[in-house]
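If you want the building blocks of each chain, they are given just below.
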Amino acid sequence: MKSLEELAKIRERMQNKVVLREGQANIRVAVGMATCGIAAGARPVLNTLVEEVAKRNLNDKVTVTQTGCIGMCRFEPIVEVFEGDKERVTYIKVTPEKAKEIVEKHLVGGNPIAEYTIGAAEN
Amino acid sequence: MKELSLNILDIAQNSITAEADLVEITLDETDTTLKLSIKDNGYGMSPEFLASVHDPFSTTRTTRKVGLGIPLLKLAAEQTGGGITLSSVQRSVDPENCGTEITAFFHKDHLDFTPLGDIVSTVCTLLQGFPDVDYVFTHTISRAAGEDGAAESTVISLDTRDMRVILGDDVPLSDPMVLLWVRDTLEEQYAAAGAHTAQ
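Residue numbers (numbering that gives the first Met the number 0), protein chains in the order written: chain A, 0 to 122; chain B, 0 to 198.
Next up, chain A with everything else stripped away, as it sits in the complex (with noise of 0.2 Å):
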């Protein structure tokens, strides 16, 4: 069984960690979660989005945060990616599957996914 001790060597190990954990995280991922992006299957996306940016060790560059509705529930659930300058990412209508690919293509590789932006729903 899982016990509260093995919280004591996860803090541990962070306790070491925390020096390595100077660069400041410059990509944030936002997911809706207001009611209308939890109907439309919000959970398993930020869900496979956390696990996805805590397997690939991106935690350092990459904050995976929940926020309110944005006013477009139609096109949920949505992702934005918000890094630096640069102008945000909307990603809508989004799945397990299009956020694993999300944290692939654009989180690591630096490659937005067109296709899965509002901009090509709109087009």
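Bear in mind the hints are in silico, worked out from the structure with no lab data behind them.
Watch out, some of these pointers could steer you wrong.
Unchecked claim - Dumping the calculated DSSO-like pairs for lysine-lysine here, alpha-carbon to alpha-carbon at most 30 Å:
hint : chain 1 : residue 1 : chain 2 : residue 2
1    : B       : K73       : A       : K92
2    : A       : K92       : A       : K104
3    : B       : K34       : B       : K1
4    : A       : K85       : A       : K1
5    : A       : K85       : A       : K8
6    : A       : K92       : B       : K34
7    : B       : K38       : B       : K1
8    : A       : K1        : B       : K38
9    : B       : K34       : A       : K1
10   : B       : K1        : A       : K99
11   : B       : K73       : B       : K107
12   : A       : K60       : A       : K85
13   : B       : K34       : B       : K107
14   : A       : K104      : A       : K60
15   : A       : K85       : A       : K104
16   : B       : K1        : B       : K73
17   : A       : K54       : B       : K1
18   : A       : K97       : B       : K38
19   : A       : K60       : A       : K8
20   : A       : K92       : A       : K1
Given the structure of chain A, go ahead and fit chain B onto it with the hints provided.
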């Protein structure tokens, strides 16, 4: 909503919006019923807002004038023959005992009962998004005495206040390793409960 756990995630966020630093999610389940309670120590609702909160056209959101969180939970409960109750004490009235509690009652054997679904993901999602809030999650599963055994009840629980004592200020609840631990500890408890109650 396809799962009650999604309604729970949605409603718990209202508590966080209300500046709660403690959110208690309690599930009491028998063979045929489910009682859900979400209780917080946030700033509460005015009697006027409390009276109108069942109405979809009553909302705190600013992007539009429709809010569906509570109406959707109410619908999910009422379509099984159950219902919801709400009580709230405003911070401006009683800062020591302020907060809101919403309870919902479901008949599990009703055709229109929405399954609880992935409640572990809901807990993890709350910790990930709002790691500064404390959560007490308690799920009691009671089984009536039957031909194949005596009555028994199992409790699945998580109290982030206990976790915080060990994690200190260094490690947030949203740390990926901590989230993984939470997922594992809850899933282990559910697996053990399943074995006991032989569902």
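Any hints this thing doesn't respect? Which numbers, in order?
Numbers 4, 5, 6, 18 and 20 - these are the hints that the structure violates, sorted from lowest upward.
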